[in-house]
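Asker: Below are the chains, spelled out letter by letter.
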Amino acid sequence: MSVLSQALWVLLLGSLLGLELIGKVPPTLHTPLMSGANAISGITVLASLTLIQKAGDNQALLLIGALSLGFALYNVVGGFLVTDRMLAMFRRKGDA
Amino acid sequence: MTSPFLSIDLLTDAIDLVAVLLLALGIKGLSKVRSARGANQLAAVAMGLAVLGLLIEIQPGPLAWLWIGAGSAAGGLAGLITARRVPMTAMPEVVALFNGCGGLASLLVAVGVALFDSASADMVALVSIAISVFVGSITFTGSIVAMAKLQGWLDTPAWTQSSVRHVVNIALAVLALVGAVLLPGDPTGLPLWLVVIGSSLLGVGVTLPIGGADMPVVISLLNSYSGVAAAAAGFVVGSQLLIVAGAMVGSAGLILTQVMCTAMNRSLLSVLFGGALGASGGSAVGGGGSEAGYTRITSCSPEECAMALEQAERVVFVPGYGLAVAQAQHALRELSKLLEAHGVEVSYAIHPVAGRMPGHMNVLLAEADVPYEQLIEMDLINPEFPRTDVVIVLGANDVVNPDAKSDPTSPLYGMPVLEVDQARQVFVVKRSLGAGYAGIANALFELPQTAMVFGDAKAVLNGLLSELRSMGVGKVVAKKEKVAA
Chain A
1 MSVLSQALWV
11 LLLGSLLGLE
21 LIGKVPPTLH
31 TPLMSGANAI
41 SGITVLASLT
51 LIQKAGDNQA
61 LLLIGALSLG
71 FALYNVVGGF
81 LVTDRMLAMF
91 RRKGDA
Chain B
1 MTSPFLSIDL
11 LTDAIDLVAV
21 LLLALGIKGL
31 SKVRSARGAN
41 QLAAVAMGLA
51 VLGLLIEIQP
61 GPLAWLWIGA
71 GSAAGGLAGL
81 ITARRVPMTA
91 MPEVVALFNG
101 CGGLASLLVA
111 VGVALFDSAS
121 ADMVALVSIA
131 ISVFVGSITF
141 TGSIVAMAKL
151 QGWLDTPAWT
161 QSSVRHVVNI
171 ALAVLALVGA
181 VLLPGDPTGL
191 PLWLVVIGSS
201 LLGVGVTLPI
211 GGADMPVVIS
221 LLNSYSGVAA
231 AAAGFVVGSQ
241 LLIVAGAMVG
251 SAGLILTQVM
261 CTAMNRSLLS
271 VLFGGALGAS
281 GGSAVGGGGS
291 EAGYTRITSC
301 SPEECAMALE
311 QAERVVFVPG
321 YGLAVAQAQH
331 ALRELSKLLE
341 AHGVEVSYAI
351 HPVAGRMPGH
361 MNVLLAEADV
371 PYEQLIEMDL
381 INPEFPRTDV
391 VIVLGANDVV
401 NPDAKSDPTS
411 PLYGMPVLEV
421 DQARQVFVVK
431 RSLGAGYAGI
441 ANALFELPQT
451 AMVFGDAKAV
461 LNGLLSELRS
471 MGVGKVVAKK
481 EKVAA
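Chain order of the listed sequences is A and B.
For what it's worth, our numbering labels the leading residue of the first sequence as 1, then goes sequentially.
For what it's worth, our numbering labels the leading residue of the second sequence as 1, then goes sequentially.
None of these hints come from the bench; they were simulated from the model.
There may be inaccurate statements among the hints.
[Said to hold, decoys possible] Not the full set, but computed from the structure, chain A residues with beta-carbon under 7 Å of chain B:
#  : residue
1  : L21
2  : P27
3  : N38
4  : I43
5  : T44
6  : A47
7  : L62
8  : L69
9  : G70
10 : A72
11 : G78
12 : G79
13 : L81
14 : M86
Everything numeric in this text was worked out from a predicted model, so none of it was measured.
Each residue gets a CB set at the ideal place from its N, CA and C atoms; glycine is no exception.
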C-alpha cells in the first residue's frame, strides 16, 4: 500500500469513527463537547513541532513554526482547561 | 545489537496508537454527563502523549528546542490565563477565539512549508498545503468575526443582508480556488497569497451576515473546519496521528452542528445562506427596541409577583440569557431556596438553546449551585405546565413564544418552545419590551394570564426576595426548622 492510500484510509476511518462517537448527546453537554473537541483540534501542535524540526537553521521558518506552536497550544491548553472548568460544575451535583 | 532506530520507531508507534485510542475514548466520554470530566482529562493526556511521542521521534536539536520552548511558553501561559479569567457567560466567544487560533496554527504551518520547504514537497503535500491554507484561513477569520459579533464589537452591516453578499462570496471563493489550483505549480509565488487572501475574506464574508442567534451553530461548524484543517496539516507534514485526530474532530463537529440545528429548528443551509433570522420575517417587529407591536400589555410590580409566588404550590423558572447578563443566577438560587423552604415545588425549565449555546444555561446554573435534578429539559417539562401555578420567565424570549406553535407566518414557526402559556399565571421579567435575539414580537406578552415585571433580572429577583421575607416567608421557615430540630 502506498503512503498516500494509507493516509487516505486513515482519513476515511478517522472520519467514520468521529461520526459514530457522538450519536446521542444531551443538550447539557453540547457546549462542553464543542469546547473539548475544539481543544483536540489543536492537535495541529504536532505539525508545528515537525515544522520547527524541519526548519534547521532557517530563522524565518523557525519563527513561523514557533508562532504556529504558540497559537495551537493556546487552543489546546485553554480549550482543555475551560472545558474542565465547565464540567467541574456538573460534578458537584453528583457528589451532593 | 539491534538497531536503536527500530526500537524508537516501535516505541513512538505504540505511543501514537495509545494516543489515538485515548482521544477516541475521550470524545466518546464527553457525550455523557457522568464520564465527561474524566473524558476531557483523558483527551488532554492523549494530547500530551502524542506530543511526547513526536518529540522522541524527531529528537529536536538545541536550536529547535529553544524555539519550541518559546512558542510553548507563550501559547501555554496565554491559554492558562484566558481559561482562568474568562467568565462563564463569555464561553461562546472564548471557544470561537480558541478555535480561530487552532485554524491560524494550521494555516501558518502550511504557509511555512510552502514558502521554505516546498522544494522537497511532493504532489500530495502541495495539494494538502492548498487545502490546509484554504480551510485554515476560513476557520481563522470566520472564528474571529464570530467572536467579535458575540462580543458586540461588530454589527451586522446592512449590505450583508442583501443578495449582493452571495456575489461577493462566490467571487472570493473563485479567487481562492484559482489560487489553490495554481499553487502546486508555483508554491512560493502569487497563488499562495491568492488562497490566503481569498479564503480569509471569504471567512469574513460568510460569517458577517449571520445573526447572533445562529452564531453557536456557526462556531460548531468552524470547529469542525479546524479539525479538517488539522487533518490537512497532517497530510502536509506526513503525520497519520494528526490526520486521524483531525478527521475525528471534523466529523464529530459536523454531527454536533447538525444536532444543534435540529434543536433550534434551523437547517444548516438556511443558517449559512439565509442571513440573520427575522430580518425579512413576516411578523417581525422592526429591529431593536420597538414597542409598536404590542397593544395589550399588563405590567405589575415585584410586590404583586411576590404575592402570587407566596400562594403557589408549583413554580417553574424559565431562565434565559438575560438572566446570565444580569449575573442573577445566584439571586435566583436564593429565591428558589426560600420558596422551597416555604413548601413550594420549584423547578427550572431548560430550553435546548437557552443561554447562548446549547447547554450554556446548564453551565451557568450549575455555577450557582442549582441542583442538577431541578433542571428539567423541554420535552419533560412541557406536559407539566398545565398544573403549574406560576411561571417566571427571566430574560428569555423567543423560546417561550407561543407563535412558534400556532402562527404559520411567524419566522419562529415550528421551533420547539417551552409551552409556558399553559400555566395558570406567567410573569415575564424583562428590561423593556424590546424584541428578542431574532427580533420577533412575542404573543405571550399579550396573553391575559401574563404580566410583565419590568426591570433588570437581578434587581427584580432581589426585590422579590425582600418582599417575600417581609411577608414572613423566611421567618416561618426558620421557626419550622427550629421545631424540627
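Asker: Give a verdict on every hint.
Answerer: Right, here's what the structure says about each hint:
Because the beta carbon of A/L21 sits about 5 Å from the nearest beta carbon in chain B, less than 7 Å, this interface hint is met. Hint on A/P27 holds. Least Cβ distance to chain B is approximately 4 Å, under the 7 Å limit. Because the beta carbon of A/N38 sits about 5 Å from the nearest beta carbon in chain B, less than 7 Å, this interface hint is met. For the restraint placing A/I43 at the interface with chain B, the shortest Cβ-Cβ distance is roughly 5 Å, inside the 7 Å limit, so the hint holds.
Interface restraint check: A/T44 against chain B, minimum CB-CB distance 4 Å, threshold 7 Å, status holds. Using the Cβ-Cβ criterion of 7 Å, the hint placing A/A47 at the interface with chain B is satisfied: the shortest such distance is roughly 4 Å. Among the interface hints, the one on A/L62 holds; its C-beta lies about 5 Å from the nearest C-beta in chain B, closer than the 7 Å criterion. At about 3 Å, the closest approach between the beta carbon of A/L69 and any beta carbon in chain B falls short of 7 Å, and the interface hint on this residue holds.
Restraint check, A/G70 versus chain B: the minimum CB separation of about 4 Å is within 7 Å; hint holds. Hint status for A/A72: holds, given a least beta-carbon distance of 4 Å to chain B, under 7 Å. Look at A/G78: its Cβ gets to within about 3 Å of chain B, closer than 7 Å, so that hint holds up. Taking 7 Å as the C-beta contact cut-off toward chain B, the hint placing A/G79 at the interface holds, the least distance being around 5 Å.
Because the closest C-beta pair between A/L81 and chain B is about 4 Å apart, less than 7 Å, the hint holds. A least Cβ separation of about 5 Å between A/M86 and chain B falls short of the 7 Å threshold, and the interface hint therefore holds.
Comparing the model with each earlier hint shows no violations; every hint is respected.
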